[in-house]
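Since the structure of chain A is provided, determine the placement of chain B on it from the hints.
Just so you know, the sequences run in chain order A and B. Quick note on numbering: the first sequence equals residues 44 to 318 in UniProt numbering. Quick note on numbering: the second sequence equals residues 44 to 318 in UniProt numbering.
Note that these hints are calculated values from the structure, not bench results. Worth double-checking, as some hints may not be accurate.
One copy or any two copies: either way a pair holds, since identical chains are not told apart in the list.
Each computed DSS-like pair below joins lysine-lysine, with the alpha-carbon atoms no more than 27 Å apart [unchecked claim]: (1) K177 / K285; (2) K279 / K177; (3) K279 / K252; (4) K55 / K177; (5) K116 / K177; (6) K287 / K177; (7) K204 / K285; (8) K285 / K252; (9) K116 / K204; (10) K204 / K55; (11) K279 / K116; (12) K252 / K177; (13) K55 / K116; (14) K116 / K285; (15) K177 / K204; (16) K287 / K116; (17) K55 / K252; (18) K252 / K204; (19) K279 / K204; (20) K279 / K55.
2 protein chains.
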Amino acid sequence: PQMDPQIGGSSKRFMDFPYVSAPHRDLMVELVSTMESRLESSLLPCTLPQDVQYYHNHTGTAHACLHIRSGLKPSLIDFMLGSWLHCELPAGALNITSLSTYLSPLTDAPNFLMELIQSSPTSLVFILDLPPRKDLVLHPDYLQTFYEATQLNRHRQLLEKIPEVRPYSSSSLYIRFLVSPTAILVRIETGGTERMEEIVRHHVSSIAKEVLGTWLDWCACGERDMGEADRDYVAKRDRMIKQKTIEIDLGSSLPRLFGEEVAARVLAAIQEVFN
Amino acid sequence: PQMDPQIGGSSKRFMDFPYVSAPHRDLMVELVSTMESRLESSLLPCTLPQDVQYYHNHTGTAHACLHIRSGLKPSLIDFMLGSWLHCELPAGALNITSLSTYLSPLTDAPNFLMELIQSSPTSLVFILDLPPRKDLVLHPDYLQTFYEATQLNRHRQLLEKIPEVRPYSSSSLYIRFLVSPTAILVRIETGGTERMEEIVRHHVSSIAKEVLGTWLDWCACGERDMGEADRDYVAKRDRMIKQKTIEIDLGSSLPRLFGEEVAARVLAAIQEVFN
Numbered sequence: 044p045q046m047d048p049q050i051g052g053s054s055k056r057f058m059d060f061p062y063v064s065a066p067h068r069d070l071m072v073e074l075v076s077t078m079e080s081r082l083e084s085s086l087l088p089c090t091l092p093q094d095v096q097y098y099h100n101h102t103g104t105a106h107a108c109l110h111i112r113s114g115l116k117p118s119l120i121d122f123m124l125g126s127w128l129h130c131e132l133p134a135g136a137l138n139i140t141s142l143s144t145y146l147s148p149l150t151d152a153p154n155f156l157m158e159l160i161q162s163s164p165t166s167l168v169f170i171l172d173l174p175p176r177k178d179l180v181l182h183p184d185y186l187q188t189f190y191e192a193t194q195l196n197r198h199r200q201l202l203e204k205i206p207e208v209r210p211y212s213s214s215s216l217y218i219r220f221l222v223s224p225t226a227i228l229v230r231i232e233t234g235g236t237e238r239m240e241e242i243v244r245h246h247v248s249s250i251a252k253e254v255l256g257t258w259l260d261w262c263a264c265g266e267r268d269m270g271e272a273d274r275d276y277v278a279k280r281d282r283m284i285k286q287k288t289i290e291i292d293l294g295s296s297l298p299r300l301f302g303e304e305v306a307a308r309v310l311a312a313i314q315e316v317f318n
Numbered sequence: 044p045q046m047d048p049q050i051g052g053s054s055k056r057f058m059d060f061p062y063v064s065a066p067h068r069d070l071m072v073e074l075v076s077t078m079e080s081r082l083e084s085s086l087l088p089c090t091l092p093q094d095v096q097y098y099h100n101h102t103g104t105a106h107a108c109l110h111i112r113s114g115l116k117p118s119l120i121d122f123m124l125g126s127w128l129h130c131e132l133p134a135g136a137l138n139i140t141s142l143s144t145y146l147s148p149l150t151d152a153p154n155f156l157m158e159l160i161q162s163s164p165t166s167l168v169f170i171l172d173l174p175p176r177k178d179l180v181l182h183p184d185y186l187q188t189f190y191e192a193t194q195l196n197r198h199r200q201l202l203e204k205i206p207e208v209r210p211y212s213s214s215s216l217y218i219r220f221l222v223s224p225t226a227i228l229v230r231i232e233t234g235g236t237e238r239m240e241e242i243v244r245h246h247v248s249s250i251a252k253e254v255l256g257t258w259l260d261w262c263a264c265g266e267r268d269m270g271e272a273d274r275d276y277v278a279k280r281d282r283m284i285k286q287k288t289i290e291i292d293l294g295s296s297l298p299r300l301f302g303e304e305v306a307a308r309v310l311a312a313i314q315e316v317f318n
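Chain A extracted, bound-state conformation (with noise of 0.2 Å):
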């Protein structure tokens, strides 16, 4: 049934990833399909509908694809979180891919959270990390665990030796706050588009599987030991932390890029995943 108009025809799918890049798209194919194959006896199906696992603005500017599966309950899973984002803004075709996973309160282990944000085809900030679920300042435990003994620091150091390569910082105090010591925040800038895929194919793809890898080793990986209190302290910052990025982020790019209607609808639908 053709109840919702296609623009150019035809609905997008997710794994297209349709506007990138071909070493961007191929990333982002091998992370989302090594996440679900890792996780796959823990995720739902994805239940979004299908006005907002593919929607678009009324002149046919903006286009994006969600695809969120919520895990089985109960498993370490909360959810798992795909996104691309194509938009023609006066400045040029602004495009966002991203790769979240919430683990569920049976674990205080670390989420896993990727985005890269392409401004222009030279211009790339590049997003990646395992937010901590805890205080690291009153657990150096948590902090000696899964960012110590992971060595997750080295992949940030090896990306500062590349000349293109500047830390970037997110307007959001917030969301400053809410990532690791450990978190890669740099922005990506080359003379030309042929060395931005240069430096996607072999630093943030290698990077990128790595850190995945280690992610779903170390982290997704089994319960953790933890009392009755320290289950309810999680599942209340997770909750935060849900309730601050949808408003910090998607509250207010998604109704300046989609306008009021289409966003009204999408955040409903993250919202009632998120609950």
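Only chain B this time, still in chain A's reference frame:
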């Protein structure tokens, strides 16, 4: 009584800051004076042993002063700690000056922290922050009160516009997580000493004085409404920070620069104030 043989004939005093440039010294003297005069009614005199207030190594290549004043009990102040350190190293002279004040569990407002690490006349690491005393992820209202409403981020943005300023990342993941999202953590590298003195006089000094003013007016200004559980939490978190900071920072650098014996004496005196 001349029990402690002094290199060069006389002991050195904290407020002299004898080894740093004039603008660096002027800044430290002004910050310490402002801090002490504003908090005077809550501060006890410095009771450190003479050989901890000033200490040096056997060969006379490393000198340091330490100035710690505990807060009256009950008061908002846990302690204030000022220090300078001078060390002749093969690569050149290392000069560190610092000023920090920890608040008591009568408030959960942020502490004050400043450190200037000069590894050569043309290289300076500038650390300035009001480190939070709660988990900001769980308490966005705290972030709003102390970091957003105070517009602390603008100092960081001002500094980033100076071409000689680059971000600085502590090698300790724990220290990196301890600071707030508005923390100034930069390395300044200049072509000559005159330009460095200019940057210290015009930018570093004005920012440091403004942040100290913000801290005195917004943080060190009164009790905060907290339950018993909150006070216990803050006290526990503060203890952890003090313990880890000594372990990571002084515990590794002092033995290297001053020898085991001097380091043990100084660390024991600091531990006594911290407990």
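Hint by hint, here is what the structure shows:
{"no.": "1", "hint": "K177 / K285", "in the structure": "both (15 Å within a copy, 19 Å between copies)"}
{"no.": "2", "hint": "K279 / K177", "in the structure": "both (11 Å within a copy, 15 Å between copies)"}
{"no.": "3", "hint": "K279 / K252", "in the structure": "neither (30 Å within a copy, 38 Å between copies)"}
{"no.": "4", "hint": "K55 / K177", "in the structure": "neither (38 Å within a copy, 44 Å between copies)"}
{"no.": "5", "hint": "K116 / K177", "in the structure": "within (22 Å within a copy, 31 Å between copies)"}
{"no.": "6", "hint": "K287 / K177", "in the structure": "both (16 Å within a copy, 17 Å between copies)"}
{"no.": "7", "hint": "K204 / K285", "in the structure": "neither (33 Å within a copy, 33 Å between copies)"}
{"no.": "8", "hint": "K285 / K252", "in the structure": "within (24 Å within a copy, 37 Å between copies)"}
{"no.": "9", "hint": "K116 / K204", "in the structure": "neither (43 Å within a copy, 50 Å between copies)"}
{"no.": "10", "hint": "K204 / K55", "in the structure": "neither (38 Å within a copy, 42 Å between copies)"}
{"no.": "11", "hint": "K279 / K116", "in the structure": "within (18 Å within a copy, 35 Å between copies)"}
{"no.": "12", "hint": "K252 / K177", "in the structure": "within (24 Å within a copy, 33 Å between copies)"}
{"no.": "13", "hint": "K55 / K116", "in the structure": "neither (30 Å within a copy, 66 Å between copies)"}
{"no.": "14", "hint": "K116 / K285", "in the structure": "within (18 Å within a copy, 41 Å between copies)"}
{"no.": "15", "hint": "K177 / K204", "in the structure": "neither (31 Å within a copy, 34 Å between copies)"}
{"no.": "16", "hint": "K287 / K116", "in the structure": "within (24 Å within a copy, 38 Å between copies)"}
{"no.": "17", "hint": "K55 / K252", "in the structure": "within (25 Å within a copy, 55 Å between copies)"}
{"no.": "18", "hint": "K252 / K204", "in the structure": "within (19 Å within a copy, 35 Å between copies)"}
{"no.": "19", "hint": "K279 / K204", "in the structure": "neither (39 Å within a copy, 39 Å between copies)"}
{"no.": "20", "hint": "K279 / K55", "in the structure": "neither (36 Å within a copy, 52 Å between copies)"}
Hint check: violations occur at hints 3, 4, 7, 9, 10, 13, 15, 19, 20; the rest are consistent with the structure.
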